[in-house]
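Taken in sequence, the protein lines are chains A and B. Quick note: the first sequence uses our numbering, first residue 671, plus one each step. Quick note: the second sequence uses our numbering, first residue 671, plus one each step.
Bear in mind the hints are in silico, worked out from the structure with no lab data behind them. It should be emphasised that the depicted structure is a prediction, and the values quoted were computed from it without experimental measurement. Idealized CB from N, CA, C, for every residue including glycine. Please note: incorrect hints may appear among the correct ones.
[As the list claims (entries may be wrong)] Derived coverage of chain B by chain A (criterion: at least 3 residues anywhere in the stretch with Cβ under 8 Å from a Cβ of chain A; other residues may be distant):
#1 676-690
#2 884-898
#3 917-925
There are 2 protein chains.
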Amino acid sequence: MKSFEYANPTKIIFGEGAIQKLPRALETCGKNVLLAYGKGAIKKAGIYDTIINMLADAGKTVTELTGIMPNPTAAKVREGVALCKENKVDFILAVGGGSVIDCCKAIAVGSLLEEDFWEVLYTRGELAVKALPIGAVLTMVGTASEMNGFAVITNDDITVKSGFFSPAAYPKFSILDPTYTYSLPKYQMVSGICDILSHLMEAYFSGEDDNVSDDLNEALMKSIIKNARIAVSNPLDYTARSNIMWGATLALNGILGVGKTQDWEVHQIEHQLGAYYDVSHGMGLAAVSASYFRLVFRSGLHKFRQYAVNVWGVETVGKTDEAVALEGISRLEAFFKEIGAATSLRELGIGDQTKLAEIAESTNLLDAGYRQLTSADVKAILEASF
Amino acid sequence: MKSFEYANPTKIIFGEGAIQKLPRALETCGKNVLLAYGKGAIKKAGIYDTIINMLADAGKTVTELTGIMPNPTAAKVREGVALCKENKVDFILAVGGGSVIDCCKAIAVGSLLEEDFWEVLYTRGELAVKALPIGAVLTMVGTASEMNGFAVITNDDITVKSGFFSPAAYPKFSILDPTYTYSLPKYQMVSGICDILSHLMEAYFSGEDDNVSDDLNEALMKSIIKNARIAVSNPLDYTARSNIMWGATLALNGILGVGKTQDWEVHQIEHQLGAYYDVSHGMGLAAVSASYFRLVFRSGLHKFRQYAVNVWGVETVGKTDEAVALEGISRLEAFFKEIGAATSLRELGIGDQTKLAEIAESTNLLDAGYRQLTSADVKAILEASF
Chain A
671 MKSFEYANPT KIIFGEGAIQ KLPRALETCG KNVLLAYGKG AIKKAGIYDT IINMLADAGK
731 TVTELTGIMP NPTAAKVREG VALCKENKVD FILAVGGGSV IDCCKAIAVG SLLEEDFWEV
791 LYTRGELAVK ALPIGAVLTM VGTASEMNGF AVITNDDITV KSGFFSPAAY PKFSILDPTY
851 TYSLPKYQMV SGICDILSHL MEAYFSGEDD NVSDDLNEAL MKSIIKNARI AVSNPLDYTA
911 RSNIMWGATL ALNGILGVGK TQDWEVHQIE HQLGAYYDVS HGMGLAAVSA SYFRLVFRSG
971 LHKFRQYAVN VWGVETVGKT DEAVALEGIS RLEAFFKEIG AATSLRELGI GDQTKLAEIA
1031 ESTNLLDAGY RQLTSADVKA ILEASF
Chain B
671 MKSFEYANPT KIIFGEGAIQ KLPRALETCG KNVLLAYGKG AIKKAGIYDT IINMLADAGK
731 TVTELTGIMP NPTAAKVREG VALCKENKVD FILAVGGGSV IDCCKAIAVG SLLEEDFWEV
791 LYTRGELAVK ALPIGAVLTM VGTASEMNGF AVITNDDITV KSGFFSPAAY PKFSILDPTY
851 TYSLPKYQMV SGICDILSHL MEAYFSGEDD NVSDDLNEAL MKSIIKNARI AVSNPLDYTA
911 RSNIMWGATL ALNGILGVGK TQDWEVHQIE HQLGAYYDVS HGMGLAAVSA SYFRLVFRSG
971 LHKFRQYAVN VWGVETVGKT DEAVALEGIS RLEAFFKEIG AATSLRELGI GDQTKLAEIA
1031 ESTNLLDAGY RQLTSADVKA ILEASF
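Work out the full structure, taking the sequences as your base and the hints as a guide.
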C-alpha cells in the first residue's frame, strides 16, 4: 500500500426527509447566503420552496444564482463570484447535482481571490487554501462532489474542461435524500451510474495491488451494478436509490482510493471530449471506457483478469488470461448497453470524426495507470469509440 | 437503509516513516503537551526517543503520563486529568494502541470538566462537547480509536467497563506506520484481529439488509481474514500489515456502519467480562462470539446464511439454511483457533464459573441485534463459552 494522508471534514445528513435538518445545519453558517441551482428542476419538485422558506425562517439574506448548466462554465463561475462580492455573501448553498456543487466550489474559492479564479487555479496552478463555506443539497448522484474537494469547470474561451482540488472546498455539510432522485430522467440516472463505476475503475486499475482498497472497491462496484439494475427497472425502490446515492459518495470521497496511485486517464479523455461537445459526463465516460481498457489491458493483465472474475463472475476454465480479461471488459460494455448508457461517440450525438485528432492532441495526459498514453493512443481510443 | 448522519474530522497520516510528518502536524497544536503512553514498549522500539526529540525541536513543554494499562482505569484517567490541570496542558499526544488513546480521550474530556469525568459521562450520561485536542501515534491495531470518538474505561470501584462517545474526542490527527506493528507479540496482534472482525460483525448482524454497508463489510471481513493469515505466518509482510492496520481503522471509523442499526451485544458481554477479569479485549470477544451467534442465529437466519456463503464460502448444496448458517459460525471459530485466538473462557485464564452469573446480571444489555437478550441468555452464552 502506498503511503497516504486522508481527511474529510464534510458532514453527511442522509435519508428520506433529511432536508428537515437543514435549519439546524444553517445555524452555524453565515447570514448572507448565495442560493445556487440549475435550470429550475428544483422548483418543480418543491425543493426550492422548502429551502427558501427555511432560509427566510433562519433570518438569512438570500441572493440567487440560477441556470447553472451541466458542464458549468468559467463564465458562470465569474457571474457567481461577482454576485458574492457585490452582496457580501458569506455562505453558499448549492442545490442540485455535481455540476451545481462544482460551480459553487469555484465561486467559493474565486470570491476570496483578488484575481480571476481561472488565472490563479488553472493558469498558475496554485492551491487554494481559502474558500467561502459551502453547504449542499444533492438532487442527482454520481460525482461525489458532495463529499470531496474537487470541481470540474469548462472554459469555453480556450476549449478546456478541467478539474481543480482545494482542501477548503469540501462542503461543510451535504444533505442526501434518496427520494429526490426518484423523478430524475432515466438518462441522468444512468449517466450518474456510469460516472460512479468510472470513479471506482479509475482507482482500481492502477498499481499497489493486494490492497484492501481494491477489495472494497470490487464490493462497491458489484453493489452499484446490482442496485442500478433494480433502480432502472423500478425507479421508486428506496433501498436501491439509497445504496446508489451513498455508494456514489463513497466512490469518490477519497476513502476507497487511499494507498493507490490511481489512473484517471478515462476522465482526462472525457473532460476534453466534454470541452468540445456538450456531452453528459457519465455518458462520455461510458462511451470511451471499453476502448481505453482494450488498448491498455495487456499492461495490467493480472488486474483486468481479477476484475473480470471478481466483479463480473467470468468463468476462467479453459480460457487464457487475455480471454478472461477481455470478457470482463465486454461485460462492462454489455452492462452499459443494458441500462441504457451510450457506448459510442455516435450515440452521444457526435456526427463525424473531424475533431477527434484535435481532442486527442489537447487531452492532458497523466502517467499513472498501467501504461503511459500518447496522443496517438487517445486518437485510437476515440476512433474505436466512434 | 436507515437514515444517518456521518462526519469524521480525523486526519490520517499513513505509511512507513509517517512519524516524519509529526513535526508538521504539531505546528498547529498547543505548546503544553501531555505525552501519554503505556508500559515502556515504545522506549524499546525507539519511538519514544524520536518523538521526544521532535517535541523538543518544536519547542513544546512536555509532561509525561506513563503506565497506561491494557484496560485503562478511571483512576488512570484521573491521574491524567490532574496532570493536565496542574501543567495547563493544551494538547495530548497519545502513543500506543487503543487503550492509550481511549485513556487520553477521557483525560481530554475530563480536563475541561469541573466535576469528575465519571460522574458526568457515565453516572449522568451527559454528552461531552468539549475536549482538549488529541493527536495519536498508533503502535497496535484493532480498536480504531485512532479515527473515532469512542473510548472504553474500566471503573474498578464499581466493577464496570464501559464506553462513551464524544464528538470532541476524535483525534485531530493519527499517525499510522504499519512497521510499528512488526514487533508486536503475536498474542496482541491476534487479539487486535479478533477485535476488528468483531467490530465488523457487530455492524453486519443487524437489520437494514440489502445495504451497501453490508456489501463493503463482507469485503473487509474477507480482506482481514486473508491478510491475518499472511501476517501470522510472516509478521514482517508490509502489505499484510498495512491492510490490517488500515482495515482496522475502516472497521470502526463509522464509514461501514452507516445506515445500519448495529448490534454490539458481543462487546457488551466482553466489557463486563473485562470488568471482572483482566482479559485482552479482542481475545474476550473471540471467546464469546460463537456461543452468542449460536444462541441468536435463528432470529437472523437469512443473514447468518449470507455470512456463511459470502464470507466463508460455505457450500449450500443439499444443506438446510440452518446447517449453512451454523457452518459459517464454526468456520469463524476455526479461524480464531487457527490464528491462535482464545475460543473459550478457560483459555482466557478464567478457572471456574463462579462469577458468570454475576457478570451476566451486570451486563448492560441493548436491544439492537436480531434478538433481545436476557441476563439468562448471557449466562447461557458465558457457560457455553467456558
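Please flag the earlier hints that this structure goes against, numbers listed from lowest up.
Result: no hint breaks.
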